[in-house]
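Number of protein chains: 2
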Amino acid sequence: MPKNRREIDSGQKRTEIIDCAEKLFREGGYQATTMTALARAVGIAPNAIYWYFPSKDHVLVAVLERCHGAMIETLAGDDSLGTGLHETLRRLLARLREIKSLVDELRWRGSHSEVILEFRRSYHRRMRLLLADALKRASNSQKERELLGVAIMAVVEGALIYDSPKFPAEEIVEAAVRGLIKLENEA
Amino acid sequence: MPKNRREIDSGQKRTEIIDCAEKLFREGGYQATTMTALARAVGIAPNAIYWYFPSKDHVLVAVLERCHGAMIETLAGDDSLGTGLHETLRRLLARLREIKSLVDELRWRGSHSEVILEFRRSYHRRMRLLLADALKRASNSQKERELLGVAIMAVVEGALIYDSPKFPAEEIVEAAVRGLIKLENEA
DNA sequence: CCCTTTCTTGAATGGTGGTCAAGAAGTACA
DNA sequence: TGTACTTCTTGACCACCATTCAAGAAAGGG
Chain A
218 MPKNRREIDS
228 GQKRTEIIDC
238 AEKLFREGGY
248 QATTMTALAR
258 AVGIAPNAIY
268 WYFPSKDHVL
278 VAVLERCHGA
288 MIETLAGDDS
298 LGTGLHETLR
308 RLLARLREIK
318 SLVDELRWRG
328 SHSEVILEFR
338 RSYHRRMRLL
348 LADALKRASN
358 SQKERELLGV
368 AIMAVVEGAL
378 IYDSPKFPAE
388 EIVEAAVRGL
398 IKLENEA
Chain B
218 MPKNRREIDS
228 GQKRTEIIDC
238 AEKLFREGGY
248 QATTMTALAR
258 AVGIAPNAIY
268 WYFPSKDHVL
278 VAVLERCHGA
288 MIETLAGDDS
298 LGTGLHETLR
308 RLLARLREIK
318 SLVDELRWRG
328 SHSEVILEFR
338 RSYHRRMRLL
348 LADALKRASN
358 SQKERELLGV
368 AIMAVVEGAL
378 IYDSPKFPAE
388 EIVEAAVRGL
398 IKLENEA
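If you read the sequences in order, they're chains A and B.
Mapping to my numbering: the first sequence position 90 is 307, numbers consecutive.
Mapping to my numbering: the second sequence position 68 is 285, numbers consecutive.
No lab work stands behind these hints, which were simulated from the structure alone.
It should be emphasised that the depicted structure is a prediction, and the values quoted were computed from it without experimental measurement.
A portion of the hints provided could be inaccurate.
For identical chains, the list gives no copy identity; a pair is met inside one copy or between any two copies.
Stated by the list, open to error - With a Cα cut of at most 20 Å, we get these calculated SDA-like pairs of lysine to any residue:
1) Lys317 to Leu292
2) Lys383 to Ser358
3) Lys383 to Leu334
4) Lys383 to Glu315
5) Lys273 to Ala249
6) Lys317 to Ser328
7) Lys317 to Arg337
8) Lys317 to Arg395
9) Lys383 to Leu364
Put together the whole structure using the sequences plus the hints.
Right under this line is the structure:
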């Protein structure tokens with residue numbers, strides 16, 4: 218029984234599909250990118266994708282997994298306590314804005330597909346961990362600190378929705394989070 | 218030239234379609250509700266809907282227009298200065314939660330359809346007006362007050378995304394907005 | 001040489017939002 | 001009363017989508 222047709226070919230093509238999908242998803246969005254277009258970009262037949270991924274949603278999850286993975290790793294790499302929460306959030310926003318269309322899809326598609334919902338949950342978990350680190354000293358009770366974390370994530374997500382030249386997401390988050398932290402410190 | 222087949226029939230059927238659409242959209246979401254299903258619920262042929270609405274998006278806008286219209290009216294009816302910003306936001310959240318799936322669709326679909334985008338803009342405008350009322354005395358400069366308004370709306374939108382039994386949107390908004398206001402008062 | 005596993009494909013399926021031209025049903029005017 | 005014009009309604013149809021299926025090609029092990 219042969220291990221593989223060409224040893225690494227499988228993983229390589231998978232990666233290639235994810236590469237193309239990320240590019241197309243970013244440019245035109247998830248919904249607007251058809252499997253046919255994706256296949257054409259990769260250079261294979263439309264149905265060939267289904268050998269590598271069970272569904273279009275799974276392709277999206279693979280793309281998001283890579284994007285978010287890299288993002289979280291980068292953020293965690295910076296010593297967030299040293300640079301401060303605001304700087305961390307600023308970087309997070311810049312990163313998220315880059316993949317805004319993917320974030321939109323994730324948000325919306327989560328209420329329709331189980332795979333995506335699953336990913337979103339894990340994404341939230343990882344983000345909470347990341348924030349917990351930056352908030353270690355910012356609060357007293359466990360419950361309060363958790364609420365603070367969720368609130369910050371909500372602010373980030375909302376700010377991205379209302380992001381505009383006049384009111385950039387950074388300013389919105391800055392204002393809201395400053396208020397939140399101040400409140401915590403005084404309590 | 219006859220004014221109408223049966224005088225009011227046209228508007229009546231239009232309303233009937235909106236009624237059914239609202240019900241179906243709420244139950245199963247926008248995307249999951251097919252035009253065929255909507256037509257069946259109303260009791261007409263699928264394509265008959267296209268005589269009343271140019272597209273499915275327009276049906277959604279009609280539904281949203283009514284929901285949001287009623288919502289904003291109710292909120293504006295209460296003397297928001299008397300009851301206070303927090304109470305207003307609390308009511309706003311309760312209302313929005315009811316039509317959560319529609320809000321989701323609005324958010325996502327806005328980046329795909331011009332009609333929806335248009336509605337979303339007008340919705341934001343109206344909300345800003347509503348908030349401006351409640352914030353009249355909360356801030357000094359025009360620019361600051363506007364940022365405050367956008368931030369509050371962002372918090373509301375984000376809180377709705379992260380709404381859960383453990384961390385209800387009300388608590389998230391409460392925390393974030395309290396911080397925001399405090400910051401403004403001190404500046 | 002065959003056999004199994006790994007890929008790849010052309011053709012087809014069911015379902016979608018949306019279109020079109022023809023018909024039914026009222027109303028106005030002759 | 002008849003007929004023309006507008007308002008609605010419909011069945012048949014289209015292009016497109018994600019997805020499936022069965023059959024074929026490529027490559028290595030025996």
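Hint check results:
no., hint, result
1, Lys317 to Leu292, "within (17 Å within a copy, 31 Å between copies)"
2, Lys383 to Ser358, "between (37 Å within a copy, 15 Å between copies)"
3, Lys383 to Leu334, "between (33 Å within a copy, 18 Å between copies)"
4, Lys383 to Glu315, "within (18 Å within a copy, 31 Å between copies)"
5, Lys273 to Ala249, "both (12 Å within a copy, 17 Å between copies)"
6, Lys317 to Ser328, "both (18 Å within a copy, 11 Å between copies)"
7, Lys317 to Arg337, "both (15 Å within a copy, 18 Å between copies)"
8, Lys317 to Arg395, "neither (24 Å within a copy, 28 Å between copies)"
9, Lys383 to Leu364, "between (29 Å within a copy, 9 Å between copies)"
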